[in-house]
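Using the hints, position chain B against chain A.
Protein chains in written order, with our numbering: chain A, 109 to 425; chain B, 11 to 279.
Quick caveat, the hints were computed from the structure, so don't treat them as lab data.
For every residue, glycine included, the Cβ atom is placed at its ideal position computed from N, Cα and C.
The reader is advised that the hints may include incorrect statements.
Rough simulated footprint, nothing fancy, chain A against chain B, three-plus residues with beta-carbon under 8 Å [as the list claims (entries may be wrong)]: (1) 18-24; (2) 99-110.
Just some of the chain A residues that point at chain B, by a computed CB distance under 7 Å [claimed, not checked]: (3) Arg127; (4) Arg214; (5) Gln216; (6) Leu229; (7) Val236; (8) Pro237; (9) Val356; (10) Val379; (11) Ile380.
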Amino acid sequence: MSQIIVENLIKTFQIAQRRPGLWGALTGVVHRTYRTISALDGVSFTIEPGELVGYIGPNGAGKSTTVKVLSGILVPDSGRCEILGRTPWQDRIAHVAQIGVVFGQRTQLWWDLPVIESFDLLRDIYRVPQDQYVNTRDELIPLLDLEPLLDTPVRQLSLGQRMRCDLAASLIHTPPILFLDEPTIGLDAVSKLAVRDFIKKLNTERNVTVILTTHDMDDIEALCTRVMVIGQGTILSDGTLDNLRSNVTRERRLIVDLESISEIADPDAQVISTDGHRVQLTFDPERITAQHPVRDLFVENTPIEEIISRLYKEQKL
Amino acid sequence: MNLIYPFKPYLAVLSARVRTLLQYRAAALAGFGTQFFWGLIRIMIFEAFFRSSTQIQPMTYDHVVTYLWLSQAFLVLVPFSADPDVRSLVRSGNIVYELVRPANLYFFWFSRAIAQRTAPGVFRALPMFIVAGLFFNMQLPPNLYATSAFIIAMICAILISAAITNLLNISTLWTLSGDGVGALLSAATWLLSGMTLPLLFFPDWAQTALNALPFRYMMDIPFRFYLGQIPPSDIWTHLPFQLAWIAILTGLGHVILNRATRRLVVQGG
Numbered sequence: 109m110s111q112i113i114v115e116n117l118i119k120t121f122q123i124a125q126r127r128p129g130l131w132g133a134l135t136g137v138v139h140r141t142y143r144t145i146s147a148l149d150g151v152s153f154t155i156e157p158g159e160l161v162g163y164i165g166p167n168g169a170g171k172s173t174t175v176k177v178l179s180g181i182l183v184p185d186s187g188r189c190e191i192l193g194r195t196p197w198q199d200r201i202a203h204v205a206q207i208g209v210v211f212g213q214r215t216q217l218w219w220d221l222p223v224i225e226s227f228d229l230l231r232d233i234y235r236v237p238q239d240q241y242v243n244t245r246d247e248l249i250p251l252l253d254l255e256p257l258l259d260t261p262v263r264q265l266s267l268g269q270r271m272r273c274d275l276a277a278s279l280i281h282t283p284p285i286l287f288l289d290e291p292t293i294g295l296d297a298v299s300k301l302a303v304r305d306f307i308k309k310l311n312t313e314r315n316v317t318v319i320l321t322t323h324d325m326d327d328i329e330a331l332c333t334r335v336m337v338i339g340q341g342t343i344l345s346d347g348t349l350d351n352l353r354s355n356v357t358r359e360r361r362l363i364v365d366l367e368s369i370s371e372i373a374d375p376d377a378q379v380i381s382t383d384g385h386r387v388q389l390t391f392d393p394e395r396i397t398a399q400h401p402v403r404d405l406f407v408e409n410t411p412i413e414e415i416i417s418r419l420y421k422e423q424k425l
Numbered sequence: 011m012n013l014i015y016p017f018k019p020y021l022a023v024l025s026a027r028v029r030t031l032l033q034y035r036a037a038a039l040a041g042f043g044t045q046f047f048w049g050l051i052r053i054m055i056f057e058a059f060f061r062s063s064t065q066i067q068p069m070t071y072d073h074v075v076t077y078l079w080l081s082q083a084f085l086v087l088v089p090f091s092a093d094p095d096v097r098s099l100v101r102s103g104n105i106v107y108e109l110v111r112p113a114n115l116y117f118f119w120f121s122r123a124i125a126q127r128t129a130p131g132v133f134r135a136l137p138m139f140i141v142a143g144l145f146f147n148m149q150l151p152p153n154l155y156a157t158s159a160f161i162i163a164m165i166c167a168i169l170i171s172a173a174i175t176n177l178l179n180i181s182t183l184w185t186l187s188g189d190g191v192g193a194l195l196s197a198a199t200w201l202l203s204g205m206t207l208p209l210l211f212f213p214d215w216a217q218t219a220l221n222a223l224p225f226r227y228m229m230d231i232p233f234r235f236y237l238g239q240i241p242p243s244d245i246w247t248h249l250p251f252q253l254a255w256i257a258i259l260t261g262l263g264h265v266i267l268n269r270a271t272r273r274l275v276v277q278g279g
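Isolated chain A, as found in the complex (with noise of 0.2 Å):
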């Protein structure tokens, strides 16, 4: 039985239209136009325990609502949910005990108290008894190294303590299904590389099942076996991230610091761009020649915007 289980779901937001000028505004007060914004049009997937399934997409694409639905915070138009055999929405104070949830742009911890404090009061809210809470606090604590800002005030902190202590918070209850959305948003590389390690911990040390919403593609290529493609409300793709790639394109690039400037005529790579001794070429790495002497070298993939809106050209189709 599968732990999550997620299908056919739609959520429309309506959004109330602004018509211009002062007329408009005078008569927006009486009269109220509306225009109806598909966010989830047929959301479809299901996850097994202990999988760390990533969830990209361009923004507006419908990941942020799709992680609110399944938390219980929004109810959907249509379909059906269930998670660990509950619909979120409807048994919502039972839901959300199993849960964890951090959303990367904002903060659970309370702003005014110090950080040990927020994780005492999480402790109360989610009723967790007093040894596991000691037990679940001092393992939480040395892995994201905390032991320092226990007692700052949360205002006081940067972004990258402010998300640690936020990852750790959302694990006061050791929930067994963890929806991260964004949490490496505006880190820095020290700070997203422990956030990643952290998150590879719990998913391969103690099975947490982690939905993982982000921008950042080397946090998917990091840590995720499986990804899940969502644009304009839709599933696009759902699989491994190199089927990902070699269902789109097999296109690799390749960016090339020349000893001099010469043209490059080659039959297996084309020459996207040139910037001076710089040169940007793509090939298909099935077929790879070396004909020229090479200063540097640096590769790297196709944007996954790129992927994405080839991709969804194609199912357009």
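Just chain B now, kept in the frame of chain A:
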């Protein structure tokens, strides 16, 4: 499991809010100063009124003085505005985290409201009692029965005020700023609770309306128990009404909040 267990989340929020609010000592001092000043002015007005009037008044001058000091001391009870924390939660969209807690949202916010209507008052009421009691003719209750009736009535007053505050909190889900509703409700409470004028001084034709509304239970009725102006045994006639109002206001809040959360739109993506 002990008795506290089901209430843990709500007690935890209440305690956290109270502790935070008690930290605002400068505000408490300033509040005490202004409230004390206002008390003096209002007493001067009433003194002039009593001196110039020839009719027998519904309350004695001494009672009015104590009543005024009580209303200044317990000013914190008046539900002026929604909880600023709740307002910013709704505006920013951080309400998502409130909905992810395994607790009933209405009672969560109700606990906050209780904290908001009591904690700031501690450092305003205590000095007021001391200063006004020692130097400005504020009397104590005539006997233990009056004190007990006062305490029971005050507990109900806190609950009614918290329920009205919670309605203000919930209204921010519809209006996002809550200012308009807050202004209307606080104006109504200001007048109809006995803050401006003890309700006995209102004209006869207004008395029925005043008695039908819950506002008098926040100030007027508790203070009259304190003064002994209403016999303490009358608490049994008033208590059912107080409890009924608490039930009505909390029930209403529950229903509106359920509707609002089912149709929730979270600000900020």
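Verification of the supplied hints:
1. Here the stretch 18-24 of chain B counts 5 residues with a CB under 8 Å from a CB of chain A, which clears the bar of 3, and the coverage holds.
2. Proximity of the stretch 99-110 of chain B to chain A, defined as three or more residues with a beta carbon under 8 Å from a beta carbon of that chain, is established by the 7 residues found.
3. With a least beta-carbon distance of about 20 Å to chain B, the hint placing A:Arg127 at the interface is violated under the 7 Å criterion.
4. Checking A:Arg214 against chain B by beta carbon gives a least distance of about 5 Å; that is within 7 Å, so the hint holds.
5. Restraint check, A:Gln216 versus chain B: the minimum CB separation of about 4 Å is within 7 Å; hint holds.
6. Hint status for A:Leu229: holds, given a least beta-carbon distance of 5 Å to chain B, under 7 Å.
7. A distance limit of 7 Å between C-beta atoms decides the matter here; for A:Val236 the minimum to chain B is near 9 Å, and the interface restraint is violated.
8. This hint is violated: A:Pro237 has a C-beta 10 Å from the nearest C-beta of chain B, more than the 7 Å allowed.
9. With a cut of 7 Å, the hint placing A:Val356 at the interface with chain B is violated, because the nearest CB-to-CB distance is about 27 Å.
10. A cut of 7 Å between beta carbons decides the hint on A:Val379: the least distance to chain B is about 39 Å, and the hint is violated.
11. Of the supplied interface hints, the one on A:Ile380 is violated, with its beta-carbon coming no nearer than about 33 Å to a beta-carbon of chain B, more than 7 Å.
The structure fails hints 3, 7, 8, 9, 10 and 11 (numbered hints given earlier, in ascending order).
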